[in-house]
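For the record, the sequence lines run as chains A and B. Per our numbering, the first sequence starts with residue 8, numbered consecutively. Per our numbering, the second sequence starts with residue 33, numbered consecutively.
Keep in mind the hints are simulated off the structure, nothing from the lab. Any given hint might turn out to be false.
Said to hold, decoys possible - So the derived label-pair ranges between C-beta atoms look like this: (1) B:60 - A:368: 42 to 50 Å; (2) B:102 - A:281: 30 to 38 Å; (3) A:461 - B:94: 44 to 52 Å; (4) A:489 - B:128: 45 to 53 Å; (5) A:489 - B:94: 32 to 40 Å; (6) B:58 - A:482: 48 to 56 Å.
The structure displayed is predicted, hence computed values, not measured ones. We put the CB at the ideal spot given by N, CA and C, even for glycine.
One-letter residues, chain by chain:
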Amino acid sequence: MNLELFIPELSLGIFALAVILLDLFIKRKGYLVVVSIIGLVVSAAFTIAMWGGSSQLIFNNMLAVDGFALFFKLLFLGIAALVILSSVDYVSRFSRFQGEYYALVLLSTLGMMLMAAATELISLYVALELASISLYILVGFLKDSRSTEASLKYLLLGAVASAVLLYGMALIFGVSGKTQLLEIAQTVQTLSLEGVLSSPALILGIVLLVAGFGFKMAAVPFHMWVPDVYEGAPTPITAYLSVASKAAGFAIILRVFFSSFGLPEWLSLNWGLVIAVLSAIGMTWGNVAAIPQVNIKRMLGYSSIAQAGYLMVGLAVVGFSPAGNILGQSTVLFFLACYALTNMGAFIAIIAISDKIRSDQISDYAGMGKRSPIVSLGLTLCLISLIGMPPAAGFMAKFYIFSAAVQHDLLWLVVIAVINSAISAYYYLRVVKVMWLNKPASEEKVPSSGTLRVALAISCSGVLLLGIIPGYIMRLAELAARMFT
Amino acid sequence: MLVGLEHYLMLSAILFSIGLYGALAKRNAIVILMSIELMLNAVNIAMVAFSSYIVPELLTGQVFALFIMVVAAAEVAVGLAIIIAIYRHYETIDATRIDLMKW
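The shape of chain B in the complex, shown without the other chains (with noise of 0.2 Å):
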């Protein structure tokens, strides 16, 4: 079998999903940032597939990789804070118990 552009695209396709279900299903914070993790790392294969089966001349789709890398990063980083600074409060991460403002 000959690995082709759309290959890669239902690769990217079923990462995404599985992120944004973990995203919206999963109750520990950590966890939901993992998923968000997960979807960009889709957004990531996409970018470079599309890069070198579209553009092959150009490298735009990889260095656009490169700066989704570096900025996850930094939100994680930031993410990782803010899930401290909660458990200082409320002694769990569990999202579904962070509950002080509703509707």
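Chain A with its partners taken away, still in its complex shape (with noise of 0.2 Å):
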């Protein structure tokens, strides 16, 4: 047993317990936060004292320690800091569960720290469902009937999609007779396109795989949940949906199908190009449908699918590449990197504006610059980052992942890419000019609370500094990508 390998999780999962335990204790629910937090940071410390070490695979090959891994449980683990600091203001007001909604957070972050280290079906499955069933319960914690409307919607799709991916890895299963991805490989990497034809269950597995982790990741034609669910839940926990979650959906999207399919090389062309054609089609769809939206949440919703899209253009670019090389993986994960910082930050600040004016309207927006300037910059520089506009760290991920499609032969994807992101730009900036332009509808100051205030200056300073001088997360994302086991 290497138990020592599993630290970041076990740490995590027994501090998760430890707040549902302390909050039948204690009276000043602010203590919860404090074990929350040193919880993450517990485990972030466990995990970045792993990292540079060797990969290995632990309980008879079923997770991976490897630098992949390391890198999504060290953005999970910030990722989940953030979204507590973000919801203290918000969950002091519930007058009971407070601790229930922090252990929750830990306990889905816990899920998604598995989902990226699973390697094989099992693990897969199980640690998908913890982060999705804790997701469901927090996105109902509001408890009125938007935010229970918003749960049972993304109950009710989460099971059917976790249904079409169980059929898939059934199928695959039946094909190769394994569970384990490199095991699957050793069959897949044996088949002809011939015989594929002939009997095409393993095509069938891989397009509802596709279907099932195209729901986490948010991307079309699976993201008929995304507005409604972003609308309807604690503003928080929106965010936390919109990066975490969707963070997890690539890290398994990119292991299963880089170790299980990666080759041959007709398979990863073929599946390549179907990322690709959805990729096309879902920044497409997001950025038009973002456009006439008034709810900023449910805006940025289609926001997030868009940005789902650019990301596929990496995943596209890793289907297309031969194996061994990592240009693909590694402008994915710095993607991710960005866009967690970014959207974070994006909410942060309208978790700081929409809580105070009651309001989640753009038009309530108005004259926010004046009512509360340092947010309202926060938020302008948030959202010049997802335009993709130098000097924030939106440009230099788009600038990666875009140059690495043009050296994989995928010209025409990168011409619909910078159209959409000028389209973006629009129903971005009306959010700005409506911000610093417009007559606001009183003169009163709008407060924001210490902890945000943190949670904001963290999430803006990590946005322009990957901006400015992006080579170091950059070269750890590359590493991160290469210690692939």
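Take each chain as given, in its own frame, and dock them per the hints.
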């Protein structure tokens, strides 16, 4: 047993249970936040301590401890810390179940960490459900009619998606007789195009896997839940869904498709093409549908569908590049890091403003530049980063991912992506215009709490740092992509 | 007639399709949840059939089916709790009338 390689997950699980227990005994619920943050920091410290070690498989090859998994674990832990910091105000108003809220955030982070590490279909499925079921509950946490409606929609569609995913897994298992990804790869490598066409179980299995993972990534055409759930969920959970859940979806699809279906070449070229077409449809639909939105959470929901489209450009590059070339993986990892900081920043600013003015309507943001200048400045920076303009992180992320696509003969996809970025500028900049140029409804200042300001400062400085000196994180992403078992 | 792998797979595919139809077409939230259970059980049949015909020396498929059952039970527990919360707000569990948010 290599239990010491499992310590990040183990410690996080223990802290999650400790939060539930402590909730029963202590009166001042503020301590729960402290305990949760300590849990995340401890887990992150263990993860960092493992960085640079050799790649290993633990628990009978069920989980991998490699650079790729460690990169994602750090990303999820960081996101969860920002989510908890930005939830403090929100949750302190709940009369009951504050401990459960933090514990569920920690548990779903645990599920996502396991998702990034899973190298076997059973562990992958259990990890995915741990993350999803915690999120179903969190989405309905407000218990008003919108929040429960969002929760029901998310649960029903999520359960259908995981049934579809499982059917795909059953077919892959039937073709190969194995559930371990690398063992599946050994069978798949020997298959010929004619053999697969005459008994297409493998193709059907891969298509069903794309559908199941596509739901997690919020990729078109599996995105129907996104706008409703984003609008109804508590805003910190919306942020968490849009960033961590999406990143976890990309982590598993990268690992499964690269490990199991990376060879033979005709197979990887074909799923690469499927992903490229979905990506083109996704970004176009996301951006066009975001334009008429009046609710800012809903608008960012459609925007996150479009961002999933940009990320899938990198996934298509993975399919088009020969095995051993890590350009596709590293650009996806870098894009995810930039996107995580940017979108978290945007949602933290929205929490700060919407929580005080009690409205998510974009028109109610009029004159926020005067009423709450610092938060508005942060939101403006993050929206500029989402468009992909320098000096923000989004620019470097898009630059890397598009240049990787050009190198692999995906010029048509890059042309569509660049046109889409231009379309997206319209609806992002409309929010900026409303905030800075429109007349405010009242002169009253909009105050924000200390924890929110800290969280916003962390994300915004991250966005600026990644935009100006991206080299360090880019090298980290390359290292992570190279250490891939 | 000798019952072979293809018969089990056919049964599994039919059950999965019925479940998918129910999940998409039914209006009562509990019936949708039941349809989803049908889809998961179709997967279980396929898993166990593949396991005993393709790799009879291993129990991977059976173990996978057990995991699916346990997780499905957890999912249904959460699902029913959410449906109760829905009933408190809407006084109906007709999925077509739970439509505060559209487009």
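Checked hints:
Between residue 60 of chain B and residue 368 of chain A the beta carbons are some 34 Å apart, a value that contradicts the proposed interval 42 to 50 Å. At roughly 32 Å, the beta-carbon separation of residue 102 of chain B and residue 281 of chain A lies within the given 30 to 38 Å, and the hint holds. Against the hinted window of 44 to 52 Å, the Cβ-Cβ separation of residue 461 of chain A and residue 94 of chain B comes to about 50 Å, which satisfies the hint. The given range of 45 to 53 Å is respected by residue 489 of chain A and residue 128 of chain B, whose C-beta atoms sit roughly 51 Å from each other.
Between residue 489 of chain A and residue 94 of chain B the beta carbons are some 37 Å apart, a value that agrees with the proposed interval 32 to 40 Å. In this structure the hint that residue 58 of chain B and residue 482 of chain A lie 48 to 56 Å apart at CB holds, the actual value being about 52 Å.
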